[in-house]
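A.B. asks: Sequence:
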Amino acid sequence: MFDFFKKFKYTLSPEVKGTLVLDQRPLENVTVYLEANFLKNNYKRSSSTNELGEFHFKPVIHAQRFKESALNQTYSYIGIYTYINEEKKYIWESQLNYVSPPIFIKDNLSNLYCELEGTEFRYFFKNINLENAGDLMVISNCNLNGFLYKRHFS
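Final position of the sequence shown in this note's numbering is 159; the numbers increase by one with none missing.
One thing to keep in mind: the hints can contain errors.
[Claimed, not checked] With a straight-line cut-off of 30 Å between C-alpha atoms, the simulated DSBU-like cross-links for lysine-lysine are:
| hint | residue 1 | residue 2 |
| --- | --- | --- |
| 1 | K63 | K93 |
| 2 | K131 | K22 |
| 3 | K12 | K111 |
| 4 | K45 | K63 |
| 5 | K93 | K22 |
| 6 | K63 | K12 |
| 7 | K45 | K22 |
| 8 | K45 | K111 |
| 9 | K22 | K49 |
| 10 | K63 | K22 |
| 11 | K131 | K45 |
| 12 | K93 | K12 |
| 13 | K12 | K155 |
| 14 | K111 | K49 |
| 15 | K12 | K49 |
| 16 | K131 | K14 |
| 17 | K155 | K111 |
| 18 | K49 | K155 |
| 19 | K49 | K63 |
| 20 | K111 | K63 |
| 21 | K63 | K14 |
| 22 | K14 | K45 |
| 23 | K111 | K93 |
| 24 | K93 | K155 |
| 25 | K12 | K22 |
| 26 | K12 | K45 |
| 27 | K14 | K111 |
| 28 | K131 | K93 |
| 29 | K131 | K111 |
| 30 | K93 | K49 |
| 31 | K49 | K14 |
| 32 | K63 | K155 |
| 33 | K131 | K63 |
| 34 | K131 | K49 |
| 35 | K155 | K131 |
| 36 | K93 | K45 |
The hints are simulated quantities; they were obtained by calculation from the structure and are not laboratory data.
Between the sequences and the hints, there should be enough to build the whole structure, so can you do that?
C.D. replies: Structure, rendered in structure tokens:
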């Protein structure tokens, strides 16, 4: 039987744990922002680093009464950033087509290590959902794992 009141849940962002450093020193009491978007739904969160430079976000879950069509090219956006000397530094930025984050997103966002004095890279990951599809790109200042290749981002 059809349950009109059933809500479909979409994980926009998994749990996020990370460490921010500048010149290899932990950044204490820095505000970190997380934005997750799906369709016209925007979720914004903030967290502060502790004395070890660590920050944490719980998963961002979107619930709605209708299921997304497989034909709907809906993109999920994750932006995690902070400001250093009034300059926006991306810890993570991705806009990908999914209703549940791919494993490389879960693996990387569970243990981020970010040297914010370093270079921002475009990381490219294999698209395991579609054969012959283009690689998936993430912009980050962090040390990511499982990527095919990376390029300087300017």
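A.B. asks: Starting from the hint list further up, note which numbers the structure goes against and sort them upward.
C.D. replies: 12 and 13
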